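Protein chains: 6
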Amino acid sequence: MKDKIVTFGEIMLRLSPENNARFTQCNAFEAVYGGGEANTAVSLANFDVDANYVTKLPKHIIGQAAINSLRQYGVGVDHIVRGGDQIGIYFLEKKTSQRPTNVIYNRAGSAFALATADDFNWDEIFDGATWFHFSGITPAISDEMTNICITACQKAKEKGMTVSCDLNYRSKLWSSEKACEAMSRICQYVDVCIANEDDAIGIFSMNPADANGEEKNAYIAKELMKKFPFKMVASVWRTETSITTFKLQSMIYTEGKAYYSKEFFMHILDYIGAGDAYCAGLIYSLINNFDPQKAVEFSNAASCLKHTVSGDYNLVTVDEVMKLAFSDAGNEVQR
Amino acid sequence: MKDKIVTFGEIMLRLSPENNARFTQCNAFEAVYGGGEANTAVSLANFDVDANYVTKLPKHIIGQAAINSLRQYGVGVDHIVRGGDQIGIYFLEKKTSQRPTNVIYNRAGSAFALATADDFNWDEIFDGATWFHFSGITPAISDEMTNICITACQKAKEKGMTVSCDLNYRSKLWSSEKACEAMSRICQYVDVCIANEDDAIGIFSMNPADANGEEKNAYIAKELMKKFPFKMVASVWRTETSITTFKLQSMIYTEGKAYYSKEFFMHILDYIGAGDAYCAGLIYSLINNFDPQKAVEFSNAASCLKHTVSGDYNLVTVDEVMKLAFSDAGNEVQR
Amino acid sequence: MKDKIVTFGEIMLRLSPENNARFTQCNAFEAVYGGGEANTAVSLANFDVDANYVTKLPKHIIGQAAINSLRQYGVGVDHIVRGGDQIGIYFLEKKTSQRPTNVIYNRAGSAFALATADDFNWDEIFDGATWFHFSGITPAISDEMTNICITACQKAKEKGMTVSCDLNYRSKLWSSEKACEAMSRICQYVDVCIANEDDAIGIFSMNPADANGEEKNAYIAKELMKKFPFKMVASVWRTETSITTFKLQSMIYTEGKAYYSKEFFMHILDYIGAGDAYCAGLIYSLINNFDPQKAVEFSNAASCLKHTVSGDYNLVTVDEVMKLAFSDAGNEVQR
Amino acid sequence: MKDKIVTFGEIMLRLSPENNARFTQCNAFEAVYGGGEANTAVSLANFDVDANYVTKLPKHIIGQAAINSLRQYGVGVDHIVRGGDQIGIYFLEKKTSQRPTNVIYNRAGSAFALATADDFNWDEIFDGATWFHFSGITPAISDEMTNICITACQKAKEKGMTVSCDLNYRSKLWSSEKACEAMSRICQYVDVCIANEDDAIGIFSMNPADANGEEKNAYIAKELMKKFPFKMVASVWRTETSITTFKLQSMIYTEGKAYYSKEFFMHILDYIGAGDAYCAGLIYSLINNFDPQKAVEFSNAASCLKHTVSGDYNLVTVDEVMKLAFSDAGNEVQR
Amino acid sequence: MKDKIVTFGEIMLRLSPENNARFTQCNAFEAVYGGGEANTAVSLANFDVDANYVTKLPKHIIGQAAINSLRQYGVGVDHIVRGGDQIGIYFLEKKTSQRPTNVIYNRAGSAFALATADDFNWDEIFDGATWFHFSGITPAISDEMTNICITACQKAKEKGMTVSCDLNYRSKLWSSEKACEAMSRICQYVDVCIANEDDAIGIFSMNPADANGEEKNAYIAKELMKKFPFKMVASVWRTETSITTFKLQSMIYTEGKAYYSKEFFMHILDYIGAGDAYCAGLIYSLINNFDPQKAVEFSNAASCLKHTVSGDYNLVTVDEVMKLAFSDAGNEVQR
Amino acid sequence: MKDKIVTFGEIMLRLSPENNARFTQCNAFEAVYGGGEANTAVSLANFDVDANYVTKLPKHIIGQAAINSLRQYGVGVDHIVRGGDQIGIYFLEKKTSQRPTNVIYNRAGSAFALATADDFNWDEIFDGATWFHFSGITPAISDEMTNICITACQKAKEKGMTVSCDLNYRSKLWSSEKACEAMSRICQYVDVCIANEDDAIGIFSMNPADANGEEKNAYIAKELMKKFPFKMVASVWRTETSITTFKLQSMIYTEGKAYYSKEFFMHILDYIGAGDAYCAGLIYSLINNFDPQKAVEFSNAASCLKHTVSGDYNLVTVDEVMKLAFSDAGNEVQR
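Chains as they are written, first to last, in the UniProt record's numbering: chain A, 1 to 335; chain B, 1 to 335; chain C, 1 to 335; chain D, 1 to 335; chain E, 1 to 335; chain F, 1 to 335.
In case anyone wonders, no lab produced these hints; they're calculated from the structure. This structure is a prediction, so every number in the text was calculated from the model and none was measured. Any given hint could be a false lead.
Identical chains blur together in the list; that is why a pair holds if it fits in one copy or across any two.
Straight-line C-alpha distance at most 20 Å; calculated PhoX-like pairs for lysine-lysine [stated by the list, open to error]: (1) Lys4 / Lys95; (2) Lys159 / Lys257; (3) Lys294 / Lys323; (4) Lys172 / Lys157; (5) Lys247 / Lys95; (6) Lys172 / Lys59; (7) Lys95 / Lys323; (8) Lys227 / Lys257; (9) Lys216 / Lys262; (10) Lys231 / Lys323; (11) Lys172 / Lys247; (12) Lys323 / Lys59; (13) Lys323 / Lys172; (14) Lys59 / Lys231.
Build out the structure end to end from the sequences listed, making use of the hints.
Structure below.
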């Protein structure tokens, strides 16, 4: 059976000044659309996977533009609900040497933030679907949305679908307490969990210092698997190695064993969406039955390439990821 | 005594695609800040008037950028309240031949929309002030804001200040019924009313067809003066004369007489803020004791020039307005 | 049965200097994709019609970008053939007052120009389809393409589909003789013919001067209907009324009667694709069973709005066309 | 003998805000190079004439960029003197409906303004040359430059060259008195004088009202020919016919007869350099022995097309001018 | 008493090609305003200090735009003199790997370069002021300006103000001899001297090689304090550590002791204005009574952040500087 | 005798997305012209060498724009043949961290690809010329072009000119077998060969592993000199040393000895044309009789600076190259 992926969350208009300008000196914004699960869907569609995205957007032309941005890359948009008045917006000042990334949200009052359980008919949405993916941002948006996520998970499990969740803790959206309570309920339904150190600390108050010499991502994965019936925990982490360079590495923990990818040293064009690209790499790997080592290399390479693409979406093909992950061939121009 | 003007309302971030593109085809937005009363304040500051603007804006850097846009042109910003989370935004597709202007608001939930009476200390704000100006958009934002406007008007009258109000009916913000009820209360305090045909119909259900042959702006002015203790009613109207040309004319009605400006035939670079520029022209005229005919010519020319300036603000000097209003000199390059 | 439209032709990369610059002074090109039948398909998709596009494009990422540009607006792209090495390109200097539009083609050697009959499996392509549309540009591209068009027409007629063809004579692509020979064969299969004066003269050597006082579009339609089994001939024409203004009007001739639209006086943002937008308006009208007068007004308004949209594609909705075609409401901003 | 044209004057860096913005709202400038005589030289080079330009520019890379801008279009730059420290600059706000063109000069202290007679070796410069052209701007720059112009004229006449001068009065550069004194000396050497009404009034205090019903350009030409040994006086004038349209017409007066061109009604992309383009059209006409009627049509069409080209330079070919001047063919796209 | 800072110098229009282009290949310039003391004033205003700027600018709209650029960030502009004809301009090619920064001045003949002592009424300017700051560029502009600086210093000392001066040697503006003579007179009045190695060598012919093992900035500070009655000497230096990375460190020398900041390894967005930002950091530190170690860290961090902001001005807040200077928190996105 | 260089090859329009965007996300292309030999010619012209370029381009305005791009920098274009219909185009996605450079050619069917021997009259072209340069790309374009190259080489040798060839193997244009056969014939005429490891492997199937410890560029040079009568073999190589840094070094092998340049560690703005810039540096060195060590340093520095210039052309002066190659002076701003 062909895999059909459904992702669910909020897509926003992202506005960022050109050329690393500050907000106080720009008179134009680059405009793209993005959001955790939308990014994962686009990435999967670029891998030629049947990826579908569910959200709620206003009927107006800006809402349509968001949909078009998904459709352009082949994402299925048939179950996007239209209604509400506003689209979520986020403003982004890009990290520039010592000046950190600056994100300002304008998402309260958006169509998705005000969406209710009635907006989503999961039976129809999941018709023919095999995989459900979302991130911890979605339940963080409102209590209603927490419940919607749980409903969706239950329905997905009923239908025998795989459920994956990127924990993705956002302290600006909810407190650790609230996150812990909600995510603990949600994680009961999750098969594949994507989690990094910050998520484990922020949501489940884990302490990597307790690892006792064990590699800390593996330690966290093991601890999480004690609490929840995950089949796999995956993680990707980025470390600043110099003011111009970051190191990227990933781990997959499954069946009691940790698999580590090779490391990439990257110069970064865009910091946003690297985790979402990793999720897409992971889902692609799993539906194609890659073994864990191949999966972690593929997912890590997919995430690495995202850092070279402007905007939230990862616009790379399977061939490009494969070449980076597994080919020793140099990167010189082919001409 | 030197005149000190205070204007009050919401300033928004305006986002419009470059080069008349549609929202569905743009990947960048021109960004300016604007809003009825802010526009009037900037225009007055460009006329070297002591113009001050009161609003509420978030503490974040986008809020600061809005303030900077005012400060840049010399508007006093000392009484702008900082707080709340979001800035109001509006999206603008510019009119292009038969394709009409398209405005989409993203202002629900803004700092100003959620502002309360406690935010504004009118005694301090009006210290030394001689004139208070606002538009009908401000009370339309919330019931709380209606009351804030009334409080401000009362305080202004106590202090012997002149109060001007541009009726500016916005059907997307309130119903005719609600507008009528609120504006009827507010207009008790207004000395100078700026009103056009649409406002009179939308708010006070007037019927210009009842004019019985009288020029309809004069008719409306007279009818309004029957209802409210206005000392003056002023109006500016724009008529499409061909697909590339609009005609602009203005009227001032005072002491039982209507004064009409000459007409300008304009090609329009920016349709927004022409009424606000007119208000600024009018206030400038009145604080400089122009006679009604001079006042209507000056105000009309100020409004005309606004159509040649991109963005919400009217960036022209008194000299430029005077030259257009009263000089026969050609417009050829001086070099 | 829901209508499913198939259009067929070449989509090209269109490169034009920004801000009306000449080629010799620009160092950047605006890049969009377009081509007669692709434009019609996008326009139909924007009308929420099930519109599909068939062409051949290289496998490389520029070919993919062309496909994405269609997919973004909802056009079905499942039957686009991938292969060949080059994409067709056209360079465009926009008309600027007395300086005429300047088009330079770089399309010889494109994947589509070198496509062969084997590339297109019409049985699969037409599965479930109800309408086939193409223009006279497509058979002009090569002898092979002429034959492919005839094959497609035959297959469409076998399946009971409606066939429409916009004659669209291109003197840069073929001679009058060659065009006449090929189009005479093709027109045997056409139900709805879109033709203007230049097409009639260029392809069929008609002489409008023979109209003997009859309106010349109607005359041409009648003459064409004598030669071919058309059920309808439709035409749209643009007349320069001043250096800044063009007049647009349309006619539908069917069952012995000519129906004329009202006229629009337009300022033009983009001259390209107006005829393709007209075809889309016509197809929409016919599949929705508009009467001829309603159809000609709708189609003419659709074409009018295209002139306000930059690029080849007509990015307007049915609502927007309806409002222009049939509403007396002014074009003032709604806010 | 092949004609070789030498033009002489100052080339400046022109800085103008994009999209008709005001100086107070722009954070980027479009940058082109231009100046009366440079513009004429470029225009002639685009007509495939051997056109050469003489000026003085700093040795730095901005000076080089100015030279490259000329060389790009084929102008001979072998006699451009390098030295001095600054390049002349002018800032330009483009006319926008009622808002007039605004030019601000930053040219005092430029290499050319401080140039001395020693900088120019006219014997070498004029080697093989047949025509010398300059405008009244050049002698206006300094007393030294007035003398340099006279020296150059004397040398040109010695060598049997034709001398043409566009009077081009600039009130910002010199007074009427000073202009009259200098130009009266210079005009003794001029064969072909380009002059319009403003020049005649500004420099020679003529009064077109004295024309007594005669067409005023012809009157001025006749009066000028009484004062100076001109063989021809030519003029081009632009009249605002509506806020979006200007009318352009030209006259050549020679051997006691005035020849008038047809009129063009233009929408204007760029107001600068139209007179310089006219001079180029005239010089081209005369070195190709066009009769006066053909010459005035060609020159007028050349000037008309300049209004459609952004920047100071007229980037059109002889073919394009010919087509506009003499062809009845429509301006529709050829494709 | 609240501190009120006055800075004095020339503000120029800075023109630089976009995207690291060379002057010979660009047709647009990014335009910002800047100049040593203006940059310091803007930086202080962004720290919420009452910062005022004194200069002379033409009355035209470009002069106004320069003022607006200061006002936008809250700098006091009440004592800016208007007059003269030209604004100083500098052209900037940004350093790009091995290609060095290229600066071309067009400032001779500017309003400020031609300003005279009469233009500045120091009694009025210094009314209520507590601190006077300028750099060695200002006296370098003309002999008149040297004297104006001395007059201003004398007046400042009379009023009990603190005087700070950034030596800032510019070999393109004056010789070492002239600089030494003038700066020796000026330094008699200076309390806080900002000086680096190049200044000490260029102006006072010091030889860091004489340091005898002592850290050379401390050595220079001590030597300077022998010559002049400075209370403090401060220095910031940037070292190229790789083609993509620079190291930044600072020192404050006071009361016989040198205090060193930590080092930052930076990727640089804009090389201009880092010293001016350092001065602002220092003045902020001193008026807030930071101890020397805190002061040097704050100033160094302020300068570091300037390298991340495009343009001459340092657009960062006290919070941002504090976070970089004193927080161990990572720079990851907060969201 | 003054040296006159002739270079020969195809110049193409290069289209690349702005700001490192991918083709699928851009709606504008930066447009420059370039091609191996054209790049070398421009570089030489910027060194004030009499450099001439021979190619074939269509008569249309895009062909003219390509010529203008050469003329702008002073390249002689008198022998460029006009004819054919299309210009060669290449699309370029710039390398961005792990995402490699992506080049897509659209050059089949170009005027140059279809050029024939009759198009080029080598006697006229080489009149007065002293040096002929081309690259291995030119003969790779067609069999006809291989023969044209041989003819040109023969003619050049007859006239006593120096012939240089950059082997420049392009696997997308021809196979190793074909390249070997053709280049072996051509190399008989070559005096100065520019070759790197990839060329030696790709064309002549050399194996650097056979070097037996010898530096591999020297080994290749020696092997090539065994096969062909080269007087000199020169090479430049770029090594990725980190994700942000490349190392550049060069070698000249002549008279049995290898000369190595110093190394540059570069951050790269543009990867294209570095080899062409190296060729220009070499030719400049040889016509100025630099000794081999000076020549290799100059050529290497020229190539290094190319990496800092956007576009195909190396826009640097001899002074700039000299300063980088031989001066110890820092790269700090001179101001």
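**Message:** If the cut is 20 Å between Cα atoms, do Lys323 and Lys172 qualify within a copy, between copies, both or neither?
**Reply:** Between copies only: 19 Å across, 38 Å inside.
**Message:** Checking an output row: Lys172 and Lys157, CA cutoff 20 Å. Within, between, both or neither?
**Reply:** This pair counts as neither: shortest intra-copy Cα distance 30 Å, inter-copy 44 Å.
**Message:** One pair to classify: Lys95 and Lys323, alpha carbons no more than 20 Å apart. Within, between, both, or neither?
**Reply:** Classified as between; 15 Å across copies, 28 Å inside a copy.
**Asked** Are the CA atoms of Lys323 and Lys59 at most 20 Å apart within a copy, between copies, both, or neither?
**Response** between (41 Å within a copy, 18 Å between copies)
**Request:** Could you figure out if Lys159 and Lys257 sit no more than 20 Å apart (CA to CA) within one copy, between two copies, both or neither?
**Result:** neither (29 Å within a copy, 59 Å between copies)
**Message:** When Cα atoms must be at most 20 Å apart, do Lys294 and Lys323 count as within-copy, between-copy, both, or neither?
**Reply:** within (13 Å within a copy, 41 Å between copies)
**Asked** Between copies, within a copy, both or neither: which fits Lys59 and Lys231 at Cα up to 20 Å?
**Response** For Lys59 and Lys231, neither the intra-copy (39 Å) nor the inter-copy (38 Å) Cα distance is at most 20 Å.
**Message:** Reference check for the pair Lys172 and Lys59, CA-CA at most 20 Å: within, between, both, or neither?
**Reply:** between (28 Å within a copy, 16 Å between copies)
**Prompt:** Given a CA cutoff of 20 Å, do Lys4 and Lys95 count as a within-copy pair, a between-copy pair, both, or neither?
**Reply:** Classified as neither; 36 Å inside a copy, 33 Å across copies.
**Message:** My question is about Lys216 and Lys262: at a cut-off of 20 Å on alpha-carbon distance, are they close within one copy, between copies, both, or neither?
**Reply:** Classified as within: same-chain Cα gap 17 Å, cross-chain 30 Å, threshold 20 Å.
**Prompt:** Is it within, between, both, or neither for Lys227 and Lys257, if the alpha carbons may be no more than 20 Å apart?
**Reply:** Within. Shortest intra-copy distance 17 Å satisfies the 20 Å Cα cut-off; inter-copy 58 Å does not.
**Asked** Should Lys231 paired with Lys323 be assigned to within, between, both, or neither, using CA atoms and 20 Å as the limit?
**Response** neither (28 Å within a copy, 41 Å between copies)
In this structure, the earlier hints numbered 1, 2, 4, 10, 11 and 14 are contradicted, and the remaining ones agree with it.
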